[in-house]
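Visitor: Residues per chain, in single letters:
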Amino acid sequence: MPGRDRFIGQSLGASLTKRVKDSRVLLVGAGGIGCEVLKNLVCCSFGSGSTPAKDSSTSETESNELNTSNDRKPEIVVIDLDTIDLSNLNRQFLFRKQHIKKPKAFVAKETASQFNPSVSIDAHHASIFDKQYSVDFFESFDLVFNALDNLAARRHVNRMCLAANVPLIESGTTGFAGQVQAIQRGVTECYDCNSKPVQKSFPICTIRSTPSQPIHCIVWAKSYLFPELFGTSEEDASDVVVTEGDNAEEVAKLKEEAEALKNIRGLLGKDEFAQEVFNKVFHDDIERLRSMSEMWQSRQPPTSLKFEELKGEQGEIESQGSAISLQDQGIWSIRENLAVFCHSLSVLSKRVQSGENVIEFDKDDKDTLDFVASAANLRSHIFGINLHSEWEIKQMAGNIIPAIATSNALTASLCVLEAFKIMRGSQTYTNGALAPSSASNAHTNGHHDDLMGGARMVFLQSHNTERMVATQRLVGPNPECPVCSPVYAKLALQEGSLPTLGQLVDLLKEKLGYDEFSITTDAGIIFDPDLDDNLEKSLAEMGIEANGNGFIRVADDADEPKADLALSVSSQKGTSQETPAMQLLPTDITLPLKPIKAPVKDDATAMPGTKRKREPEEQIDAVFKKAKLGEQEVLVIEDDGAILLDD
Amino acid sequence: MEVQVPPPLQDIPTAKEKKYDRQLRLWGASGQKALEETHVLLINNGSGVTGVETLKNLVLPGVGQFTILDSHVVSEADLGVNFFLEEESLGQFRAEETVRCLCELNPGVQGFALTEPLETFIDKDDVLKPYNLILVSAPLDSAILARIQLYANALQIPTFYFRSTGFYSSFSVLLPTAFPIVDTHPDPTSTTDLRLLKPWPTLSEFVREKTKGLGTESMNQHDKSHIPYVCLLLHYLEQWRDKNGGKNPETYKEKSAFRELVREGDANEENFDEACANVLKALNPPTISSTVRNIFAAPEIDELTTSSPSFWLIANAIRQFYNTHNELPLPGAVPDMKAQSADYIELQNIYKKKARQDCAEVVETVRQLEKQTDRPKEHEISEKEIENFCKGAAHISLVRGRPLQIVEAGKPITFGDRAKAMAMELTNPESLIGLYICFLAWDEYIATRSTPSNENGDNGLKIPGSTDKDYKTDETKLIDMAHIIVDNLLKEANTSIDEPESSEIKAQIAKQCKELVRAGGGELHNLASLTGGMISQEVIKVVTRQYVPVDNTCLFDGIASRTYVLRI
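Protein chains in written order, with this note's numbering: chain A, 1 to 647; chain B, 1 to 568.
In case anyone wonders, no lab produced these hints; they're calculated from the structure. Among the clues, some could well be false.
To be verified - Okay, derived cross-link-like pairs now, SDA-like style, lysine to any residue, Cα gap no bigger than 25 Å in a straight line:
1) B/K16 with A/T590
2) B/K18 with A/H99
3) B/K511 with A/R473
4) B/K384 with A/K366
5) A/K101 with B/K253
6) A/K18 with B/S466
7) B/K384 with A/D364
8) B/K16 with A/P103
9) B/K18 with A/T111
10) B/K253 with B/N294
11) A/K101 with B/L490
12) B/K338 with A/N247
13) A/K102 with B/G62
14) A/K280 with B/A342
15) B/K352 with A/T210
16) B/K18 with A/E392
17) A/K97 with B/S466
18) A/K366 with B/A15
19) B/K384 with A/G9
20) B/K514 with A/R19
21) B/K384 with A/E336
22) B/K477 with A/G13
23) B/K33 with A/T465
24) B/K477 with A/P103
25) B/K469 with A/G3
26) B/K224 with A/N247
27) B/K281 with A/N247
28) B/K354 with A/R473
29) B/K338 with A/T206
30) B/K18 with A/P103
31) B/K384 with A/H99
To be verified - Here are the computed distance ranges between Cβ atoms for each label pair:
32) A/K101 with B/L90: 27 to 37 Å
33) A/Q98 with B/L90: 20 to 30 Å
34) B/P188 with A/E309: 36 to 46 Å
35) B/K281 with A/P561: 44 to 54 Å
36) B/P107 with A/R351: 30 to 40 Å
37) A/G266 with B/T216: 46 to 56 Å
38) A/K101 with B/Q92: 25 to 35 Å
39) A/S293 with B/T216: 19 to 29 Å
40) B/P107 with A/F129: 34 to 44 Å
By construction, the Cβ of each residue, glycine as well, lies at the ideal position given by its N, Cα and C atoms.
Modelling step: build the complete structure from the supplied sequences, incorporating the hints.
Guide: Next up, the structure:
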């Protein structure tokens, strides 16, 4: 192969090169990993072919009628909701300083296109949760790459790819660690086959009355004090919970305390605001705590602070605070903390007065960080806990996950490497680097793992000197996984028809032999043997609409139940009189029996749509442990500094 | 080779700090400073993608300066594989064009291009002096590589040599003969050191106070459930010793029995759960690792001079501490545990105080050593540096750099003192030694079949598989060369491998050789990017002196998606 394609042709062989060029791939996320994946896709000529990809993967859910609207031309589609931030520039190399605040998807396309004009890139500045990204949309791709920074979106794409039966390459990094996992319906584990770790929360009394660690004071400042002063404050923060160990009387008392603070909020903008807030939370509330002698029988009571005494006579404290707040690597003295506290309160008050009704804590919003850091340190001092620099507090408060160029580069390259294997696996092969003979040659102890063309679960641990990149065989699906164990199929509604729920119930009975069963939508149960109120209503009234991204879930209530059925809904053009108003596709769905259930696990951790939260440190540890032990548990970690505590 | 831990930078402009925030959380201000003081030289050869991808990952986090030496002129094929070139680059010098595109990534980084041929560049004196790290990509004239190694070694400049073609790549690191690392960033779970088998009086006193009445009616459940697990373990250890002739639980069986004893104290409380969970981990006698032992036995530790790196003075002082107390200085950190706030804080203070005392003793010894070696006042080792060393003393590391294995025409390929170990690698199914041998054969092919360089920018190097005409003969030739290397290695190691294993190993090597020939020296962008990712990661480890770098050769097999490290 001459010219541009010389090297790729030499490396991949002619047949895989053509398949790569004619492929249509979706990249969800144009952040750290996304930029790198896009570069690699473009440099490996993905989506640069001129002929529409012939769909040889005979996906049974695709019928001709459904796919007339599908645009299957070779292309890379990039979707990202984010705009560019300064802290992205140390690794998201498609972006420059002048791009700050612009949509990532557009800039990524613009920069990457310059390299290879023959590659077609379609950029969407949108949320992957948008209804337009339906199962039909996902079906138009040969391959999907997840380069996301949050669990909810990862789970969503996982489910959509399962429904569309499109292979997904899932990836994530944390600091020096990374992971790549290939997922295909019915062949491998899906993203939700294993439960994900849960975010740590703290008992309310630890946060509000008896802190013992810096994080307790930081959570207090961030999740209690800050929202009381500047937020809506109605909702309770998710990281503080009332636990059994919490004293009910004390909890009631804490409520009153919060009420009193709200009254002080009325002084916002007045000169005495900082002083009033300070004396309330660092003096009066502390004195009240101190007075509860039973609480301090076996522990050191806190020592309260008084604004006037701490401030002393040394001039204008607010302006001093503004200078001190720039020194965020050192640990501030108590008085310096007071100065920053006053300074940040003043700035935040002005923001409220100029129309910002609600300010939320954001680690990258320096004013809010100044407030949280100084308030947390003042409280730490009161309870005899070590003080920290603002820079350290930022990490704890913002759940910042370290991210570097190298890990992203490595993880993204591994994604595309697995993509080659998957594409190799889905074609008949004659010769070339990844022909099955050479894939199994690499000392695999006699294993022939042909799941997804020999793709592997890949772990990156670049701080580990001996095993920077290690792999593990892909494992089959967990038969009890609530997300991938259902049979995915489609309900096709003829355009303009308005079938009722009753008609759907009849259709399910007739085609699939259901007797007693229930139907659930994202809004809840709409039909079961004891709930027949809705039968006369149209599906539209029940919130079921064509070409969305929701699912209708059918669960069998028989003694030996069939597997669950998950239906996506698409519209079908009524080309002839015979086109039914509603039909199931494929027309020959078979539902196997459900496997016998093992003792019930904590189902909530794996239910789709239930947002679970995690503690970053635990994730990192868990990943290292898992990679070391070679356990089968799947754990993909966050890419960028996702604020898990806050979402 | 000074190990320096600069103080935190108080005055980085906020915007810069913000840009680098996510990486500062990994290597800190001192690591960032080291990176910004680095000037990398890339000697770029062949299709040259891996080198440029490596630089990309160094320019983004803010390496100080970089220079690309490359006399190649941009071709169509370059445009298809190198992201940092544009259509307009065609016909221009590749060095200039890649430097321009890389510089766009980070305005804080300075890049320079040198378009002089490597042969004349390397002829000049002191030409490598401005750089503190060198990257060399294959293929190049092996005599020139040997000279680069000679100069780099004399100047103690860390040098990387790498090859990337098709689905395979390798890189080797030439480090100074002594490359010590203090800040190795060990796994946080392995750094807890509570000294439960050797409590000191203040700690024992605290334990007695906190466990007074434990097991009797005089202690209420609330207090019982808030005894820190450290105190519980120490309390029950004393009970155990009383019943067992003063001995601590040592074997697994004894430790299990000890755990039962703790469990009998309370069946449900969380602090008792924590105590039980920590029995196996916390009751290990404080032995030092073989790495630390090797450092204590290194000649440098006894040959202290006026200009010895601070590492060796502190290591000497720590060794004296160890010889006196039969333990390393206490790191002083206490893990999170269930406890009353005040108790926890007091416990923390007890550990911190002991750590400070230990450190003070080490500081004193260091000062004596400074005096004995007439160390100038301006090179006095900071207390902060000694403190960091004490905290990480159990996890310090030392890499002994070894020369690159350079294949030169007419000279046999030998493995020297590593021959036996490498011969053993041949029969290890996990090892990628076979791939390494293929790359040696690849180097040998180039070294023996190349012609002198000619004027059209072509350096005269002949790459196996680069022309269709010689494809088949190249395969045979490369396989032969690789098989001879295997035979000679076995001879050198004075060993042999039985059939059918021997034939299997050779058949495997033949397959990998065919792959190398098929790729014909061309890089696959994705693999080059991956290899560049690994190399830049190692560069960062080397320049920041944090984390332990690869010692010394890493191979990547893109077909199996895995790495393997060999010490050549």
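Visitor: Measure nothing beyond the straight line between the CA atoms of A/K102 and B/G62; if it is 25 Å or shorter, mark the hint as holding.
Guide: Holds. A/K102 to B/G62 sits at ~23 Å (cutoff 25 Å).
Visitor: Would you check the hint for B/K354 and A/R473, treating anything up to 25 Å between C-alpha atoms as holding?
Guide: At roughly 48 Å apart (the allowed maximum being 25 Å), A/R473 and B/K354 break the hint.
Visitor: Within 25 Å, alpha carbon to alpha carbon, are A/K280 and B/A342?
Guide: holds, 24 Å
Visitor: Sort out whether A/N247 lies within 25 Å of B/K338, counting only the CA atoms.
Guide: holds, 17 Å
Visitor: Do the Cβ positions of A/G266 and B/T216 conform to the proposed distance bound of 46 to 56 Å?
Guide: holds, 55 Å
Visitor: Verify the proposed pairing of B/K281 with A/N247, using a straight-line Cα cut of 25 Å.
Guide: violated, 34 Å
Visitor: Going straight from one Cα to the other, do B/K469 and A/G3 come out at no more than 25 Å?
Guide: Distance of about 18 Å is within 25 Å: holds.
Visitor: A/K366 and B/A15: Cα distance at most 25 Å?
Guide: holds, 12 Å
Visitor: For a C-alpha distance cap of 25 Å, please report whether B/K224 and A/N247 respect it.
Guide: Satisfied, since the Cα-Cα distance of roughly 18 Å is no more than 25 Å.
Visitor: Are the Cα atoms of B/K384 and A/G9 separated by 25 Å or less?
Guide: The hint is violated at about 56 Å.
Visitor: Keeping to a limit of 25 Å between CA atoms, is the pair of B/K514 and A/R19 held or broken?
Guide: holds, 23 Å
Visitor: Would you mind confirming whether the straight-line C-alpha gap from B/K18 to A/E392 stays at or under 25 Å?
Guide: holds, 13 Å
Violated hints for the displayed structure, listed by number in ascending order: 1, 4, 5, 7, 10, 11, 17, 19, 24, 27, 28, 31.
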